[in-house]
Amino acid sequence: MDFVLLVSRLQFAMTAFFHFIFVPLTLGLSTLSAIMLTLHYTTGKEIYRDMAKFWSKLFAINFALGVATGLVHEFEFGMNWSVYSRFVGDIFGAPLAIEGLLAFFMESTFMGVFLFGWDKVPKMVHLLAAWLSSIGSNLSALWILIANGWMQHPVGAKVEIFVAGKRAELADWWAVVFNPVADVKFWHTATAGMILSAVFVLAVSAYHLLRKQHVEFFKKSAYIALIFGLIASIGEVIIGDIHAHEVAKTQPTKLAAMEALWETKQGANVLIAAWADQKAQKNIIEIPLPIPGLLSFLATHDFNGKLLGAKDLQKMFEEKFGPGNYIPPVNFVFWAFHIMVYLGFFFVILFIWGLTKYRNLENATGFLKVALYSLPLPYIACWLGWATAEVGRQPWIVYPLTDDYGKILLPDIGLKTAQAVSPLTNIEVIITYITFLVTFTGLAIADFYLLSKFASKGPEKEAELY
Amino acid sequence: MHFDLQTIWAILVTILIAGYIITDGFDLGVGILHGLVAKTDIEKRVTLNAIGPVWDGNEVWFITAGGAAFAAFPELYAALFSSLYIALFIVLLALIYRAVSFEFRSKEESEGWRKFWDQSIFWSSLIVALLIGVAIGNILAGIPIKNSAIEGDLLHGFVYAEKFPMSFINLVNPFKFHGLYGLLVGVTTVLFVIMHGVSWLIWKTEGSIAERARNIGMKVWLPFVIMYVICTGLAYTISFKIGDPSKLSYLNLPKDMMQQIASMVQGNVLPHALFRFPVIELALIVLAALSAVGWLMAVKNMKGGKAFLFSTLTFLFAGFAVMFGAYPLAVPSSIGLEHSITIYNGCSSELTLTVMLVAAIIFTPIVIAYQAWVYKMFLFKISTESLKKEIEEAAEH
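Here the protein sequences come in this chain order: A and B. For the first sequence, my numbering gives the first residue as 212, with consecutive numbering after it. For the second sequence, my numbering gives the first residue as -19, with consecutive numbering after it.
With the rest of the complex left out, here is chain A:
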């Protein structure tokens, strides 16, 4: 692979990886803090005030890095992917601009009021600010995912020749906004953020409860997290199913890789585990789930539904787009997807388990230990979800518009990742890649250090000041 392309891909993936350490916690914890603040202002109880303060402080430390990595992300489209940017800008740029205008301003402006407004602004204004900030961060995710969803399923577009070259142009704005792939992606991601934040609050609470400190404070926090987490994790199972169904319809090569499905089948089985030989186009090992036709049912809502296998898809794409490799790396996508799904089910069990132990939570040592060590798991699940979505899209950066389980409707709009990179030099990309890598790693360590410092300190009476 071309060096500039390789490093640009690594750099973008790395930025996404770091960005997604911070973002899901922002999405969910802003809502949890707003719930706690609402409880404080409605019940008048001091403990909820301390809770809102404690959790929003952790939120603020985390948020600064979410902004910093997000900033890099937005500009990297133009910096490293100029051909992509000019090809899709007519459509892709609009949701990004609206995200800034509609959502991000709201999120960050009102977050300032929430974090710095204690006892300085009227109570109702303070509460409103907390909710507006939370709504803003989730709206911001919506518009980003409308943009991302369009790369997966480029609806509402046509291909035109403009003065500076060929490009995709907007044909139907509402089709882009109500893109079914984008909208389900949003719910999938927002819910993932809620689960991650619930596990985060639960794990920090478990840490203190295991030491029997601030028992009432962290028991109450854990309770809110358990309820919030249970609703979110059950919701996620349902949303995940809808999402997979959309992928099957619109991105057949991604689905084939997610399920290691090489042969076209009617009544296909779900594989619990598999290992593929990509060159030989077959699985070396496969362990199916003993429910015949389940995969077909999940993907097509018919136990006997027909799913195209990777072999046939490769032939079909070659006929349409010429020689090339059209199947994403199967082992990587299969395992990223499957581990994410297994973790999703684990979170449901974790929250149910916690709720059954709730009365005597401070003495449920076994559960508390599992909850504490579960902290990295939702992060891993989020990363794997993104890896499935973005690696599974390869070799395309804009997937040719497809529907009905493999009918290619608009082949011209497809743009390969390899074509989309900016004309940069090797030295330019290597300088930025290494510097960003070192910076992000250092900042993530500093962030982790500060988060653990303040999380383990517990609630403290301190002014929110720089």
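Because the hints were derived from the structure by calculation, they are not lab data. The structure presented is a predicted model; accordingly, all values stated were derived computationally and were not measured. We put the beta carbon where it would ideally sit given N, CA and C, even for glycine. Take these hints with a grain of salt, some might be off.
[As the list claims (entries may be wrong)] Derived DEER-like restraints, expressed as beta-carbon distance ranges: (1) B:G187 - A:K668: 27 to 35 Å; (2) A:L566 - B:E330: 50 to 58 Å; (3) B:K356 - A:L648: 36 to 44 Å; (4) B:K95 - A:I563: 46 to 54 Å.
[Said to hold, decoys possible] Computed list of lysine-lysine pairs in DSS-like fashion (alpha-carbon distance at most 25 Å, straight line): (5) B:K356 - A:K334; (6) A:K334 - B:K361; (7) A:K256 - A:K423; (8) A:K668 - B:K368; (9) B:K369 - A:K331; (10) A:K331 - B:K199; (11) A:K664 - B:K87; (12) B:K87 - B:K368; (13) A:K664 - B:K368; (14) A:K334 - B:K369; (15) A:K517 - A:K493; (16) B:K368 - A:K331; (17) A:K331 - B:K361; (18) A:K668 - A:K430; (19) A:K668 - B:K87.
[Unchecked claim] Covered by chain B, according to a simulated footprint, are these stretches of chain A (three or more residues, beta-carbon under 8 Å): (20) 282 to 292; (21) 306 to 312; (22) 378 to 386; (23) 633 to 645.
Start from chain A and add chain B according to the hints.
Showing chain B alone in chain A's frame:
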């Protein structure tokens, strides 16, 4: 000048960039000044808390300006950010360090920790202001980009014709005109954000910090005015050569605008290209200069609110003078005028521009309204005494 979608979007993107420089400008200025106006740790914390609740929302202007440029002028966004790759990378890096410096500084008591983040705040603020100015200066003077469609390549759009390391070094190379001009505009921008930071500190703080800010403001005024005059004067000398006149159709300009430009061409060169609307240009420059005088008076009398208004106006007039001067060019090419990005060949389709315009008309006033409301809420004066009191009160709560 036409009032079509492209022109409206050129004005809107200018407003967003101006919004960024006006809002984030004062906190960049405070970042640069914070070691000079604050001597003790508690004073330093006062200067940082003076921008505490708002800097974050201010930075969103940058993100939104980037997003709007992407949506309305995708060819410009793609070409500019890949061409200025290393410069933009340094700006982003500085913005990252700035964001986390604010957040991390107060989280540890140790002196070394706080000194480290103080340095980081100073340098990152300085670099952001300088490089944004450098980029603006270089773009005005023209950078070596070419339109690949002229050679029949329909994929790559506008690409940079120089290769690294020359591309980056030339941006700040004082022996090349566009590099020299970039540096001069960069320094002017730094002086402006310092002035704007002084306005904010006088408005938002009282006591020793405001006093020191005033003294710095009195010293920085004259150098700013001199630099502004030099930059404006040099802008008059900027001209663009035309490589192949038959390819000027690639600029995609409306007919009468093309004719107007063609009538000014002398021997394949478009002279004093940034002064095609001399009346408007001069009026804006004079207004910018008058605002700068108003600023000096306000600072002298310690009127923070007025100073802030005048530094804002100074930038707005100067910024719109730049926009009018460049119009309809967005990024002139130093290779040949026909390779330039204009607002007519770099723009999105009419449908996208319309959809975005509706969104902008609805949401921009709302954003400005609530940002102003939040600013108003936080516009109480702070000082070392008030900060100490706040820390004590929180501990008792």
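Hint check results:
Separation of G187 of chain B from K668 of chain A is about 32 Å and conforms to the stated range, judged on CB atoms against 27 to 35 Å. As the Cβ distance of L566 of chain A to E330 of chain B is approximately 56 Å, the hint placing it in 50 to 58 Å holds. Distance hint check for K356 of chain B and L648 of chain A: the Cβ-Cβ separation is about 42 Å, which falls inside the suggested range of 36 to 44 Å. Restraint check, K95 of chain B to I563 of chain A: a C-beta distance of roughly 50 Å satisfies the suggested window 46 to 54 Å.
A C-alpha spacing of about 17 Å is found between K356 of chain B and K334 of chain A, which places the hinted pair at or below 25 Å, so the restraint holds. A hinted pair counts as satisfied when its Cα atoms are at most 25 Å apart, and K334 of chain A with K361 of chain B qualifies at roughly 21 Å. Distance hint between K256 of chain A and K423 of chain A is fulfilled; the C-alpha atoms sit about 22 Å from each other, no more than 25 Å. Our distance criterion of 25 Å between C-alpha atoms is met by K668 of chain A and K368 of chain B, whose separation comes to about 23 Å.
Only pairs whose Cα atoms come within 25 Å are accepted, and K369 of chain B paired with K331 of chain A is accepted, the gap being roughly 13 Å. For the hint linking K331 of chain A to K199 of chain B, the alpha-carbon distance of about 36 Å lies beyond 25 Å, and the restraint is violated. A hinted pair counts as satisfied when its Cα atoms are at most 25 Å apart, and K664 of chain A with K87 of chain B qualifies at roughly 9 Å. A hinted pair counts as satisfied when its Cα atoms are at most 25 Å apart, and K87 of chain B with K368 of chain B qualifies at roughly 17 Å.
Taking the CA atoms of K664 of chain A and K368 of chain B, the gap is about 24 Å. The hint holds against a cut of 25 Å. The hinted pair formed by K334 of chain A and K369 of chain B meets the criterion: a straight-line CA distance of about 21 Å does not exceed 25 Å. For the hint pairing K517 of chain A with K493 of chain A, the CA-to-CA distance comes to about 19 Å; that is within 25 Å, so the pair holds. Between K368 of chain B and K331 of chain A the CA atoms are separated by roughly 16 Å; this keeps the pair inside 25 Å, and the hint holds.
Of the pairs offered as hints, the one joining K331 of chain A and K361 of chain B holds, with about 13 Å between alpha carbons and a cut-off of 25 Å not exceeded. At roughly 16 Å between alpha-carbon atoms, K668 of chain A and K430 of chain A fall within 25 Å of each other, so this suggested pair holds. This hinted pair checks out: K668 of chain A and K87 of chain B have alpha carbons roughly 12 Å apart, not beyond 25 Å. Note: the segment 282 to 292 of chain A has 8 residues with beta-carbon separation from chain B under 8 Å; the three-residue rule is met and the coverage holds.
Counting residues of the segment 306 to 312 of chain A whose CB lies closer than 8 Å to any CB of chain B gives 6, so the stated coverage by that chain holds, three being the minimum. Chain B is given as covering the segment 378 to 386 of chain A, and this holds because 5 residues of the stretch bring a CB closer than 8 Å to a CB of that chain, at least three being needed. With a cut-off of 8 Å between beta carbons, the segment 633 to 645 of chain A has 8 residues touching chain B; three or more are needed, and the interface restraint holds.
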